[in-house]
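A.B. asks: Generate coordinates for the entire structure from the input sequences, incorporating the hints supplied.
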Amino acid sequence: MVSDYSTEVASALKQATDGELELVWLQGQSCSGCTISMLQGQYPTLEETLREFRMEVTFHPTLMPEQGEAAIESMSTSPDVLVLEGSVPTEVPSAATLGERPDGTSKPLVDWVQELAPEAEYVIGVGNCASFGGWPAAENKNRLYGNESVTGAKGLQFEQREQPGVLGPDFTAGSGLPVINLGGCPPHPDYMLLTIATVLNGHTPELDQYNRPKPFYEPLVHDNCKWRGYFDRGEFADKPGDKGCLYKVGCAGPYTHCDDQDRLWNDGTSVCLNVGAPCVGCMEPGFWDRFQPLDKEVERQSFVGPVTPEDAGWAALVATGVGIGAHAARKLTGYGKFEKGDEGDTSDGTDEERTSPDAGTEPGTETGDDRTE
Amino acid sequence: MVEVTIDPTTRIEGHHGMELEVEEGAVTEARSTMKMFRGAEIITVGRSPRDAAQLTGKVCGVCFICHRIGSARAAEDAARNAGAFDGPPENAQILRDAVEGIFFLWNHAIHLFALVGPDYSDAVADTGFERLDPLEGAGYVGALENQRKLMQALAEFGGRAPHPLAFIPGGVATHPDAATVETVKSRVREVSEWLGPTEAVPEVLENVQNGEFDPELGEGLHDIVSILVAAAREGTADLGSGPNRYYSNGLFRLPDSGERIFKRGVYRDGSVERLTKDEIVDGITEHTEYSWYTDDSGGSPTEAKPPEPEPEKENAYSWGKAPRFEGQTMEVGPLARLAISGYDPFDLRANLGGGPAESNTLNRLVARAQEALIVRDRVLDLLGAFDPNEPLMADFPDNFTGKGVGLWEPSRGTLSHYMDVEDGTIERYQIITPTLWNIGPRDGEGNPSIIEGAIVGDEVDDVEDPLNVMRTIRSFDPCLACSVHIRSPDAEYETTVEPPKPGDEQCVVNTDG
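Taken in sequence, the protein lines are chains A and B. Count the first sequence with the working numbering and you get residues 1 to 373, in order. Count the second sequence with the working numbering and you get residues 1 to 513, in order.
Mixed in with the good hints there might be a few duds.
If you only want the chain B side, here are some residues facing chain A, beta carbon under 8 angstroms, derived [to be verified]:
1. ARG47
2. ARG80
3. VAL141
4. PRO162
5. ILE168
6. VAL229
Partial selection, computed: residues in chain A whose CB lies under 10 angstroms from chain B [unchecked claim]:
7. THR35
8. GLU85
9. THR97
10. LEU116
11. PRO136
12. ASN224
Quick caveat, the hints were computed from the structure, so don't treat them as lab data. For glycine and all other residues, C-beta sits at the position ideal for the given N, C-alpha and C.
C.D. replies: Given below as structure tokens:
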């Protein structure tokens, strides 16, 4: 069967077919974009995943034939994997509800999360909202009606770049792992399917400081950008769509970690920067406000002292030389290296921000051993 | 009287529930509850007009392109009214129409097959139509494959789908070359071939009625017609009657004349009224008496403040507001567009649905199917009119002061974005979505919304299995999949109905106490 699909996703899922594995997919303050993204997964497709690999989705509001109360009853109360899409409102809990409490009132998502997460073997936040709060947690800039964020929206274990989210900083699921965050608005379908497959196999994804699986979230968008040559030469576009690097019209590529430039979207069709759209940084915690206004040069909050874009280009180039090699090596090894128990200390030994091109001036911190194993 | 609570009614953007009162075998009252609030309008205020398109584009991961374009149009309108902008290039407007058309095909395919189709499948409703069975039927799986092709076509222009980033105020950021346009066309043609030739509709209809299947006539067409035939047999022409009042912002401009394929206006009292943009904008108000917002959050969307939440408000039951046109509810979506435009291909609504402008559950499905056929040809025309050598992006001003309205017409119905900008910063923002028009709450006069009215009168032979009510809900494409939780007002008994699943011969009913 694997030969039918012959990808790392299929290989990983194939190993998980020894028994039914139960998954619960909840939606908080979501737009369903992560679900729609997952529907675009190929080799295997989601329907193949469900049909051939016996992943049992006991609850998914968009996909399951069972519905409503019956769906809630079919929901596993101790799932192998709990997935949340969308943020969790904490100051206005009624801003996202599902079903009813015993007294007939609407049951807030925060209750569902508090009940199910401790019972789950793995908890995955798909998308920026579930991981970090996402756009429902964006700043209420004019302080309309008082609140800093309108509904007190949070991610599962993070609020923007800080812990804690709804579950608190010390939360670990049954596996001993914290919430696995798949940032992105939305995340790539491979990120979702491959991460689910990995944990279902009992493997432990190596996580970065925001609990994102490193294989997806370590490369910088900037490193493999189609326009990178323009950046290095200091040739900048005046508006989106113009020829040149989009850094000065708001591109967050130098600050954004994901491998989409290589992986591409929609079965290898394209990626944001390839169509002249500046990266908005959707894979990063703190997206929205960290990079806004999105159409203006990103404040170089991570740079130490004044650095010109040309300097940054040079610095990033140094980092890229190491980074690309590491990435290529990792692609070959796939996920097989993440054997349970051998992940050891997944931190890179520093809590520093590793999100700016100048990190490359200290290759040791940006491209430590964990990148090249 | 039995009170029926449906929660969750999923498969719309957000969370939704429905409360029904059933008396003597029919629904006597319905209340539609939108159960999610995020505050898009509040978050948008204080930001750049350009950022609004990026932010509100992510209001919905299903209707992503529509909000992005609607917001861009509002920003462009505001800048134009300020005398700071001449409008996006014509070529960009053609491309926006084209991607919206591709999006129509995508959304209709997903809705008809993945969301509505199972209702009329063998597995769920024992109709004999096995190709529609969820996740197993060949038709269902084929639709999922084809939706990926359409999303790939959208990604060619937008970089990715969902949530493409290229559509922003000023035009479209991308510069597709001729080869890319050809790639998109070939994707659309592939899906078009799966759908089948338009002229085959009568023959396919005959085949479906006779239990025959000829893949040469189009697999998609066969399955879509199967849904319509099954729905007709199940009596859905007599369900979900609306007031036969429709509203559309119009879409798909002909580049030469500016005339739209789908007309702009309203239909009421049996006739069409063509309306200008100003007449539409002036006619709309929003009500918040039954919404979890302060009473003064309603009014004209060109004047009202962003909605102020009041979650404990007495008598409120929805996070949705109640939009009205000149005080009246208006149904929006494919049926509205076709009724206003006067299209009824093959007289399907006249023959099957009791009349081309009759609002009922079956006609909403028929119109969606008819529209898919109309739009797939229109997309290829638009792509043919698109010139890769013409500009796609105009300089959009950084700083201006002005008010703008972006009217747009996504697949689910009319959409409008309202934006006030002062010194380059958004001071006020309002969005009215198609779902609000169709499934919002009551207005200040106590008048039910379209869906609340449509469900009243639906026969419920068995209060433990109001399948037809659910079919009506789904026909609006809020994409609801509902289970039913039934209890009496004084909780003397409680019954849970488990809807049919694939493989079940009938509903499984669990009764507790």
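A.B. asks: Taking the closest Cβ pair, is B/ARG47 under 8 angstroms from chain A?
C.D. replies: holds (6 angstroms)
A.B. asks: Have a go at the B/PRO162 hint: is there a Cβ in chain A nearer than 8 angstroms to its own Cβ?
C.D. replies: For B/PRO162, the interface hint holds, since the closest Cβ of chain A sits about 5 angstroms away, which is under 8 angstroms.
A.B. asks: Does B/ILE168 hold up as a contact with chain A if the rule is Cβ-Cβ below 8 angstroms?
C.D. replies: holds (6 angstroms)
A.B. asks: Checking hints one by one. Is B/VAL141 an interface residue toward chain A, by the C-beta closer than 8 angstroms rule?
C.D. replies: holds (6 angstroms)
A.B. asks: Holds or violated: A/LEU116 as interface residue toward chain B, Cβ cutoff 10 angstroms?
C.D. replies: Because about 16 angstroms separates A/LEU116 from the closest Cβ in chain B, which is outside the 10 angstroms limit, the hint is violated.
A.B. asks: A closest beta-carbon separation below 10 angstroms is what the hint needs, so does A/GLU85 meet it against chain B?
C.D. replies: Because about 9 angstroms separates A/GLU85 from the closest Cβ in chain B, which is inside the 10 angstroms limit, the hint holds.
A.B. asks: Hey, does the B/VAL229 contact hint survive, CB to chain A under 8 angstroms?
C.D. replies: violated (21 angstroms)
A.B. asks: Against chain B, run the beta carbon of A/PRO136 and see if the smallest gap drops under 10 angstroms.
C.D. replies: Holds - the Cβ of A/PRO136 comes within 10 angstroms of chain B, reaching about 4 angstroms at its closest.
A.B. asks: With 10 angstroms as the cut and Cβ atoms as the points, is A/THR97 at the interface with chain B?
C.D. replies: Since the shortest Cβ distance to chain B is 5 angstroms, the answer is holds.
A.B. asks: For the hint on A/THR35, just tell me whether its beta-carbon gets within less than 10 angstroms of chain B.
C.D. replies: This hint holds: A/THR35 lies near chain B, its Cβ roughly 7 angstroms from the closest one there, short of 10 angstroms.
A.B. asks: Take the shortest C-beta to C-beta distance between B/ARG80 and chain A; is it under 8 angstroms?
C.D. replies: violated (18 angstroms)
A.B. asks: Can the hint on A/ASN224 be confirmed by a CB-to-CB distance to chain B that is less than 10 angstroms?
C.D. replies: violated (15 angstroms)
Checked against the numbered hints above, the structure breaks hints 2, 6, 10, 12 and satisfies the rest.
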